[in-house]
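Visitor: Based on the provided sequences and hints, a complete structural model is requested.
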Amino acid sequence: EDQVTQSPEALRLQEGESSSLNCSYTVSGLRGLFWYRQDPGKGPEFLFTLYSAGEEKEKERLKATLTKKESFLHITAPKPEDSATYLCAVQVTGGSEKLVFGKGTKLTVNP
Amino acid sequence: DTAVSQTPKYLVTQMGNDKSIKCEQNLGHDTMYWYKQDSKKFLKIMFSYNNKELIINETVPNRFSPKSPDKAHLNLHINSLELGDSAVYFCASSQGGQGSPLHFGNGTRLTVT
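From first to last, the protein sequence lines stand for chains A and B. Numbered by my numbering, the letters in the first sequence go through residues 1 to 111 in order. Numbered by my numbering, the letters in the second sequence go through residues 112 to 224 in order.
The reader is advised that the hints may include incorrect statements.
Derived pair list, reagent style PhoX-like, types lysine-lysine, alpha-carbon separation capped at 20 Å [stated by the list, open to error]: (1) A:Lys42 - B:Lys155; (2) A:Lys42 - B:Lys151; (3) A:Lys42 - B:Lys147; (4) A:Lys106 - B:Lys152; (5) A:Lys103 - A:Lys69; (6) B:Lys151 - A:Lys103; (7) A:Lys42 - B:Lys133; (8) A:Lys106 - B:Lys155; (9) A:Lys103 - B:Lys152.
Footprint (simulated), chain B over chain A, 3 or more residues, beta carbon under 8 Å [stated by the list, open to error]: (10) 29 to 35; (11) 43 to 51; (12) 79 to 92; (13) 100 to 111.
Beta-carbon label-pair distances, calculated as ranges [unchecked claim]: (14) B:Leu194 - A:Asp2: 23 to 33 Å; (15) B:Lys120 - A:Glu81: 19 to 29 Å; (16) A:Ala10 - B:Ser116: 26 to 36 Å.
No wet-lab data here; the hints were simulated from the structure. Note that the structure is predicted; figures quoted are calculated from it, not measured. Glycine included, C-beta positions come from ideal geometry on N, C-alpha and C.
Guide: See below:
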């Protein structure tokens, strides 16, 4: 069964303290790995899609990387407005276009 | 200009009632989805429609019935509501194809008492 595991479940950082979130996956075949940001009371907001091992994408203070078994979301010098839950999801081969989500990492950045 | 909009935002109802949630997208996407987010924040797919045709139907009780009158709308009707149906329901749309991101609405929080 396709599975996505995110760690840690929660992470508290001080403003400016860089860190990484992990997403490990076990799938039959990967079509794409997605990162989303979710704020309280809102729907997930798309950040990145990664397709193959070695690929990297950046957006402001966020950089996502992908290996054959996991993805990392690196947050450089975070600000309080980066506080949110970060969700990882995989799209698998086999015809279906559904995304299988992890449970997310709740990030809190203190000023 | 809301891309994916759901109504209502909150829905409080009693066990046994029937309720509907509406979803509309103005992105011109062909594929729409319903996802359920439980109390542990775990997002799980329920249904997917492509151009009004059902393509994904996960293990969901048949009390849940999606309806797509056109490709811009996907509604969710729930019969005989149970306590365990309490959750946040998200509608989403995508262009379809490999790597197409889903665009989510802001959710409908359903509370069954």
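Visitor: Compare the structure with each hint and give your call.
Guide: Hints and how they fare:
1. A:Lys42 - B:Lys155: At roughly 16 Å apart (the allowed maximum being 20 Å), Lys155 of chain B and Lys42 of chain A satisfy the hint.
2. A:Lys42 - B:Lys151: Holds - the C-alpha atoms of Lys151 of chain B and Lys42 of chain A are around 15 Å apart, at most 20 Å.
3. A:Lys42 - B:Lys147: Holds, because 13 Å separates the two Cα atoms, which is no more than 20 Å.
4. A:Lys106 - B:Lys152: holds (10 Å)
5. A:Lys103 - A:Lys69: holds (17 Å)
6. B:Lys151 - A:Lys103: Between Lys151 of chain B and Lys103 of chain A the Cα gap is close to 8 Å, so the pair holds against 20 Å.
7. A:Lys42 - B:Lys133: Roughly 17 Å separates the two Cα atoms, so the pair holds.
8. A:Lys106 - B:Lys155: holds (18 Å)
9. A:Lys103 - B:Lys152: holds (6 Å)
10. 29 to 35: As far as the stretch 29 to 35 of chain A goes, the hint holds, because 3 residues have Cβ atoms under 8 Å from chain B.
11. 43 to 51: Since three or more residues must qualify, the claim that chain B covers the stretch 43 to 51 of chain A holds, with 6 doing so at under 8 Å.
12. 79 to 92: holds (count 4)
13. 100 to 111: Per the Cβ count (4), the hint holds.
14. B:Leu194 - A:Asp2: 23 to 33 Å: Between Leu194 of chain B and Asp2 of chain A, where Cβ atoms are some 29 Å apart, the hint holds.
15. B:Lys120 - A:Glu81: 19 to 29 Å: Because 23 Å falls inside the window, the suggested range holds.
16. A:Ala10 - B:Ser116: 26 to 36 Å: Because 31 Å falls inside the window, the suggested range holds.
Of the numbered hints listed earlier, not one is contradicted by the structure.
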